[in-house]
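Q: Chain order of the listed sequences is A and B.
So in my numbering, spot 37 of the first sequence is number 37, and the numbers just go up one at a time.
Each position in the second sequence, counted from 1, maps to that position plus 114 in my numbering.
Just so you know, not all the hints are guaranteed correct.
What the hints assert, rightly or not - In silico contact screen, one side only, chain B against chain A (beta carbon under 7 Å); selected entries:
| id | residue |
| --- | --- |
| 1 | Val-162 |
| 2 | Tyr-165 |
| 3 | Ala-201 |
| 4 | Leu-204 |
| 5 | Gly-211 |
| 6 | Phe-215 |
| 7 | Thr-222 |
As the list claims (entries may be wrong) - Simulated pairs of lysine-lysine, BS3-like, Cα-Cα distance not exceeding 30 Å:
| id | chain 1 | residue 1 | chain 2 | residue 2 |
| --- | --- | --- | --- | --- |
| 8 | B | Lys-123 | B | Lys-133 |
| 9 | A | Lys-51 | B | Lys-133 |
| 10 | A | Lys-36 | B | Lys-123 |
| 11 | B | Lys-136 | A | Lys-69 |
| 12 | B | Lys-136 | B | Lys-150 |
| 13 | A | Lys-101 | A | Lys-56 |
| 14 | B | Lys-152 | A | Lys-36 |
| 15 | B | Lys-152 | A | Lys-70 |
| 16 | A | Lys-56 | B | Lys-155 |
| 17 | B | Lys-167 | A | Lys-101 |
| 18 | B | Lys-167 | B | Lys-123 |
| 19 | B | Lys-132 | A | Lys-51 |
| 20 | B | Lys-132 | B | Lys-150 |
| 21 | B | Lys-133 | A | Lys-57 |
| 22 | B | Lys-136 | B | Lys-123 |
| 23 | A | Lys-101 | A | Lys-69 |
| 24 | A | Lys-56 | B | Lys-136 |
| 25 | B | Lys-155 | B | Lys-132 |
| 26 | B | Lys-167 | A | Lys-56 |
| 27 | B | Lys-123 | B | Lys-155 |
| 28 | A | Lys-70 | A | Lys-59 |
| 29 | A | Lys-57 | A | Lys-36 |
| 30 | B | Lys-155 | A | Lys-101 |
| 31 | B | Lys-150 | A | Lys-101 |
| 32 | A | Lys-56 | B | Lys-133 |
| 33 | A | Lys-36 | B | Lys-154 |
| 34 | B | Lys-167 | A | Lys-36 |
| 35 | A | Lys-101 | B | Lys-152 |
Stated by the list, open to error - Which chain B residues face chain A? A few, computed with CB under 7 Å, are given here:
| id | residue |
| --- | --- |
| 36 | Cys-182 |
| 37 | Ala-194 |
| 38 | Gly-212 |
| 39 | Ser-217 |
| 40 | Gly-218 |
These aren't lab readings, by the way, just hints derived from the structure by calculation.
None of these values were measured; they are calculated from a predicted model.
Even for Gly, the Cβ is constructed at its ideal location relative to N, Cα and C.
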Amino acid sequence: GQQVMQIPQYQHVQEGEDFTTYCNSSTTLSNIQWYKQRPGGHPVFLIQLVKSGEVKKQKRLTFQFGEAKKNSSLHITATQTTDVGTYFCARPRLNAGNNRKLIWGLGTSLAVNP
Amino acid sequence: DTEVTQTPKHLVMGMTNKKSLKCEQHMGHRAMYWYKQKAKKPPELMFVYSYEKLSINESVPSRFSPECPNSSLLNLHLHALQPEDSALYLCASSQAGGYTFGSGTRLTVV
Numbered sequence: 001g002q003q004v005m006q007i008p009q010y011q012h013v014q015e016g017e018d019f020t021t022y023c024n025s026s027t028t029l030s031n032i033q034w035y036k037q038r039p040g041g042h043p044v045f046l047i048q049l050v051k052s053g054e055v056k057k058q059k060r061l062t063f064q065f066g067e068a069k070k071n072s073s074l075h076i077t078a079t080q081t082t083d084v085g086t087y088f089c090a091r092p093r094l095n096a097g098n099n100r101k102l103i104w105g106l107g108t109s110l111a112v113n114p
Numbered sequence: 115d116t117e118v119t120q121t122p123k124h125l126v127m128g129m130t131n132k133k134s135l136k137c138e139q140h141m142g143h144r145a146m147y148w149y150k151q152k153a154k155k156p157p158e159l160m161f162v163y164s165y166e167k168l169s170i171n172e173s174v175p176s177r178f179s180p181e182c183p184n185s186s187l188l189n190l191h192l193h194a195l196q197p198e199d200s201a202l203y204l205c206a207s208s209q210a211g212g213y214t215f216g217s218g219t220r221l222t223v224v
C-alpha cells in the first residue's frame with residue numbers, strides 16, 4: 001500500500017557517533033519529507049526531497065532520496081545531545097494533491113549519551 | 115511571521131464540558147490542518163482546510179467540530195469528549211511544501 005516503513009524504531013548512540021534512519025516505500029514517491037520532534041515538543045519540518053538520487057545537506061545532517069524514489073535516509077554525522085528526538089519521514093498520499101494528506105512513518109527515536 | 119500559534123497550551127476538561135482550541139498563522143498558507151498525536155506515535159490527521167473550505171475529514175467523531183473563520187484562523191470545538199481523546203492536538207499550515215506546526219494543546223479529558 002502507501003505505508004512508509006521507517007527503521008530502526010529506536011537508536012541509542014554515544015555522543016560523537018553517527019546515526020542513520022531509513023524510510024522505505026513499496027510504491028514510488030513523488031516526494032518525501034523529514035521532520036524532527038524533540039521530547040515534549042512539536043514536529044519541525046527539516047526538508048523535502050523531490051528528485052531521484054537527490055542529496056541535500058544541512059550542517060551535520062545529510063538527506064538522500066533513492067534513485068528509484070522508493071526510499072530515503074537521514075544521516076547525522078557526529079551526533080550531539082541536541083540531536084535527541086524522534087525523526088519522522090512522511091509521504092504524500094496518492095491523489096491527495098499538493099501534499100494535503102501525509103502518510104507518516106512510525107518514527108525513529110534517537111537517544112544520545114553525553 | 116513564520117509561526118503557527120496555538121492556544122491554550124494545556125487544557126483539562128470534563129466529559130460534559132465544551133471548549134475550543136485556537137490556531138493562528140500569518141504566513142499566507144492556504145492549507146491548515148488539525149492533527150492528533152498520542153505519545154510515541156506519529157501525528158494522525160483529523161481535518162484539512164484548503165482555501166478556508168473543509169477538504170478532508172478523516173472520519174473524526176462529531177464531538178470534534180472544526181471551523182475556519184478566515185484564512186489565518188482555525189478553531190477546533192470540543193464537546194462531550196471521552197478520556198481516550200486525551201492527546202496532543204497540533205495545528206499546522208502549509209503552502210506547497212513542508213508543514214509548519216504549532217506547539218500544540220495538551221488536552222486531558224477527565
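Q: Each hint should be assessed against the structure and marked as holding or not.
A: Hint-by-hint comparison with the structure:
no.: 1; hint: Val-162; result: holds (5 Å)
no.: 2; hint: Tyr-165; result: violated (11 Å)
no.: 3; hint: Ala-201; result: violated (13 Å)
no.: 4; hint: Leu-204; result: holds (6 Å)
no.: 5; hint: Gly-211; result: holds (5 Å)
no.: 6; hint: Phe-215; result: holds (5 Å)
no.: 7; hint: Thr-222; result: violated (15 Å)
no.: 8; hint: B:Lys-123 to B:Lys-133; result: holds (13 Å)
no.: 9; hint: A:Lys-51 to B:Lys-133; result: violated (44 Å)
no.: 10; hint: A:Lys-36 to B:Lys-123; result: holds (20 Å)
no.: 11; hint: B:Lys-136 to A:Lys-69; result: violated (37 Å)
no.: 12; hint: B:Lys-136 to B:Lys-150; result: holds (14 Å)
no.: 13; hint: A:Lys-101 to A:Lys-56; result: holds (24 Å)
no.: 14; hint: B:Lys-152 to A:Lys-36; result: holds (16 Å)
no.: 15; hint: B:Lys-152 to A:Lys-70; result: holds (28 Å)
no.: 16; hint: A:Lys-56 to B:Lys-155; result: holds (27 Å)
no.: 17; hint: B:Lys-167 to A:Lys-101; result: holds (15 Å)
no.: 18; hint: B:Lys-167 to B:Lys-123; result: holds (26 Å)
no.: 19; hint: B:Lys-132 to A:Lys-51; result: violated (47 Å)
no.: 20; hint: B:Lys-132 to B:Lys-150; result: holds (18 Å)
no.: 21; hint: B:Lys-133 to A:Lys-57; result: violated (43 Å)
no.: 22; hint: B:Lys-136 to B:Lys-123; result: holds (10 Å)
no.: 23; hint: A:Lys-101 to A:Lys-69; result: holds (19 Å)
no.: 24; hint: A:Lys-56 to B:Lys-136; result: violated (35 Å)
no.: 25; hint: B:Lys-155 to B:Lys-132; result: holds (26 Å)
no.: 26; hint: B:Lys-167 to A:Lys-56; result: violated (35 Å)
no.: 27; hint: B:Lys-123 to B:Lys-155; result: holds (19 Å)
no.: 28; hint: A:Lys-70 to A:Lys-59; result: holds (25 Å)
no.: 29; hint: A:Lys-57 to A:Lys-36; result: holds (15 Å)
no.: 30; hint: B:Lys-155 to A:Lys-101; result: holds (17 Å)
no.: 31; hint: B:Lys-150 to A:Lys-101; result: holds (14 Å)
no.: 32; hint: A:Lys-56 to B:Lys-133; result: violated (43 Å)
no.: 33; hint: A:Lys-36 to B:Lys-154; result: holds (13 Å)
no.: 34; hint: B:Lys-167 to A:Lys-36; result: holds (29 Å)
no.: 35; hint: A:Lys-101 to B:Lys-152; result: holds (19 Å)
no.: 36; hint: Cys-182; result: violated (14 Å)
no.: 37; hint: Ala-194; result: violated (27 Å)
no.: 38; hint: Gly-212; result: holds (3 Å)
no.: 39; hint: Ser-217; result: holds (5 Å)
no.: 40; hint: Gly-218; result: holds (5 Å)
The structure does not agree with the numbered hints 2, 3, 7, 9, 11, 19, 21, 24, 26, 32, 36 and 37 stated previously, though it agrees with the rest.
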